[in-house]
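Engineer: Each chain, written out:
Protein chains: 2
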Amino acid sequence: MATLFITRKDVGRLLDMPAAIKAVERAFREWDGGRAQMPPKSYLSLDKGDFRAMPAALPGVVGMKWVNVHPGNPARGLPTVMAVLVYNDPATGYPLAVMDATEITATRTGATAAVASRYLARTDSHTLGLIGAGRQSYTQLTAHAALFKLEQVRVYDRSGGAVKKLIDSFPRLPLVEAPLEAAAASDIVCTVTPVRKPLVKKEWILPGTHINAIGADAAGKEELEPSILNQAAVVVDNLEQASAAGEINVPLKKGLYKSSQVYATLAEIVSGRKPGRRDSRAVTVFDSTGVAIEDVALARLVYEKACREGGCLSLDFIEG
Amino acid sequence: MATLFITRKDVGRLLDMPAAIKAVERAFREWDGGRAQMPPKSYLSLDKGDFRAMPAALPGVVGMKWVNVHPGNPARGLPTVMAVLVYNDPATGYPLAVMDATEITATRTGATAAVASRYLARTDSHTLGLIGAGRQSYTQLTAHAALFKLEQVRVYDRSGGAVKKLIDSFPRLPLVEAPLEAAAASDIVCTVTPVRKPLVKKEWILPGTHINAIGADAAGKEELEPSILNQAAVVVDNLEQASAAGEINVPLKKGLYKSSQVYATLAEIVSGRKPGRRDSRAVTVFDSTGVAIEDVALARLVYEKACREGGCLSLDFIEG
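Sequence lines, in order, name chains A and B.
Heads up, the first sequence is in our numbering, so the first residue is 4 and it goes up one at a time.
Heads up, the second sequence is in our numbering, so the first residue is 4 and it goes up one at a time.
What the hints contain is simulated information worked out from the structure, not anything from laboratory work.
In this text, all values refer to a predicted model and were calculated from it rather than measured experimentally.
It cannot be assumed that every hint is accurate.
When chains are identical, the list treats them as one kind, so a pair holds in a single copy or across two.
[To be verified] Here are the simulated BS3-like cross-link-like pairs (lysine-lysine), alpha carbons at most 30 angstroms apart as the crow flies:
hint	residue 1	residue 2
1	Lys168	Lys277
2	Lys308	Lys12
3	Lys200	Lys51
4	Lys167	Lys256
5	Lys261	Lys308
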């Protein structure tokens with residue numbers, strides 16, 4: 004036996020977005036069917052950032068992502084979020100692969116939002132609003148472009164440079180720089196900012212909009228005016244995580260929103276136990292906090308493709 | 004920047020027991036001083052075995068061990084326990100190294116028991132009893148041989164083959180095969196078996212003995228007659244873990260032992276907040292369940308030596 008070492012470059016070569024979307028959708032269905040295992044994340048907080056251990060198992064698959072969040076990293080030329088994933092044989096525990104999960108983390112976040120949009124957005128959605136043009140917006144864009152016929156993608160960021168960089172990166176997609184209000188007035192809106200005060204006002208949101216609220220990933224963070232949540236069908240990936248650190252965390256703490264108002268989990272929607280969008284004028288919100296089955300689902304894709312295509316480093320790692 | 008990949012063979016080359024013992028002792032002292040962080044282990048149980056994510060931070064060091072326990076593995080030619088450790092820069096989260104931790108796990112368990120023996124066994128201890136001659140007994144032996152002048156090491160295992168193999172592996176140490184009772188009648192006794200019913204009887208234990216109870220690592224496991232605990236000074240690595248899965252777990256559940264009877268944690272002993280052995284006739288027991296700071300302490304040793312000595316594979320793992 005041997006262990007594959009799959010670098011970020013390799014992962015980028017092996018992952019493709021349409022397959023990632025399918026893999027994430029399947030993982031949520033397996034989770035809903037009781038065929039996934041996902042203990043709570045284990046957190047470790049240090050001065051300059053924090054770390055999370057995220058283990059999960061799906062049928063035939065088990066792995067653990069170890070991911071950091073260090074907000075000061077960009078100033079040092081490093082990504083804020085980096086991750087390593089250990090991928091094991093469930094039958095023996097043998098570490099089949101150690102892979103970079105920096106790319107996997109970004110891709111699965113986009114893929115999961117696109118799965119939410121598939122069930123919650125209007126099927127005739129053709130405008131996408133990206134609020135925030137940082138790293139996470141790239142995979143929101145590619146994931147939605149894989150599922151929807153996008154006629155216009157409106158990009159807002161307080162940094163014009165970030166907007167330009169994003170637009171220049173996708174010359175074949177219909178991206179335009181837009182004011183915040185215009186980006187918010189799209190069929191599908193993805194909020195991918197690190198703000199701690201609501202940025203998106205309720206008055207800008209049109210009937211029938213689906214919002215993927217991605218940015219809030221820690222206690223105290225929120226991107227949407229709480230009144231948006233109050234009149235929307237809110238879907239969460241994990242109610243406990245969302246309540247502690249997702250878009251709903253601040254409104255819950257302030258008493259502006261109740262967790263009993265949450266409509267469903269994404270797993271319930273994907274498995275068909277609860278219907279997705281039924282009303283073309285409803286506003287829907289997916290509160291994404293990120294769950295480990297998403298990572299393990301993509302790790303399975305990467306590993307299987309690496310085995311088929313070769314080209315990755317293989318090492319006697321555990322052997323004496 | 005780059006990430007080091009340190010195989011089991013490399014780890015074996017870079018680790019030495021005297022340094023490991025010092026590193027573990029230092030880690031327990033740092034822990035007692037509030038300078039360590041160690042969130043609870045995250046468990047994942049599957050059909051054939053289980054997995055644990057064990058993150059920890061010490062001053063200047065952070066890492067996470069992902070370890071499996073698959074009891075059916077030896078029949079398939081694989082170790083029961085295998086482990087991978089990701090070692091990060093606390094300041095940026097950058098993964099400085101990914102290392103095999105199979106060797107680290109075995110070594111740190113031996114090193115920690117030897118630290119316990121240093122404070123709890125009689126300083127004139129010169130006989131060691133090894134009850135169980137499997138994989139874990141090897142590092143109990145090397146760790147104690149590094150700290151004590153051993154005149155006789157009495158080895159018991161229900162498999163004579165395992166005893167012979169252990170004895171043959173250390174031609175320069177005074178090992179002899181012994182009956183269970185004789186092994187138990189040693190100055191220092193290490194129990195390293197997977198039994199679920201007490202194996203060691205109180206009547207065999209001499210006054211002044213120190214016992215390292217290593218084998219019990221899951222609910223329902225015990226190696227010592229509970230009456231031994233009742234009359235001994237019991238020291239734990241972590242009270243919560245020991246109560247759930249260590250030597251004291253079964254006696255606690257049966258009401259034969261109370262957690263208020265536990266004398267101290269190893270961290271309290273090592274830091275000097277509670278005295279170690281004072282009475283040459285007392286029986287002391289260290290209930291070892293294994294804590295993540297031990298692994299991270301050894302990972303620091305391995306990483307620093309790997310950087311100094313070279314010879315390990317270095318890869319652009321995270322870089323785009």
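Engineer: The structure should be examined with respect to each hint, and the outcome stated for every one.
Structural biologist: Hints and how they fare:
1. Lys168 with Lys277: neither (39 angstroms within a copy, 61 angstroms between copies)
2. Lys308 with Lys12: both (14 angstroms within a copy, 28 angstroms between copies)
3. Lys200 with Lys51: within (22 angstroms within a copy, 47 angstroms between copies)
4. Lys167 with Lys256: Neither: 37 angstroms inside a chain and 64 angstroms across chains, both beyond 30 angstroms.
5. Lys261 with Lys308: Close neither inside one copy (43 angstroms) nor across copies (54 angstroms); limit 30 angstroms.
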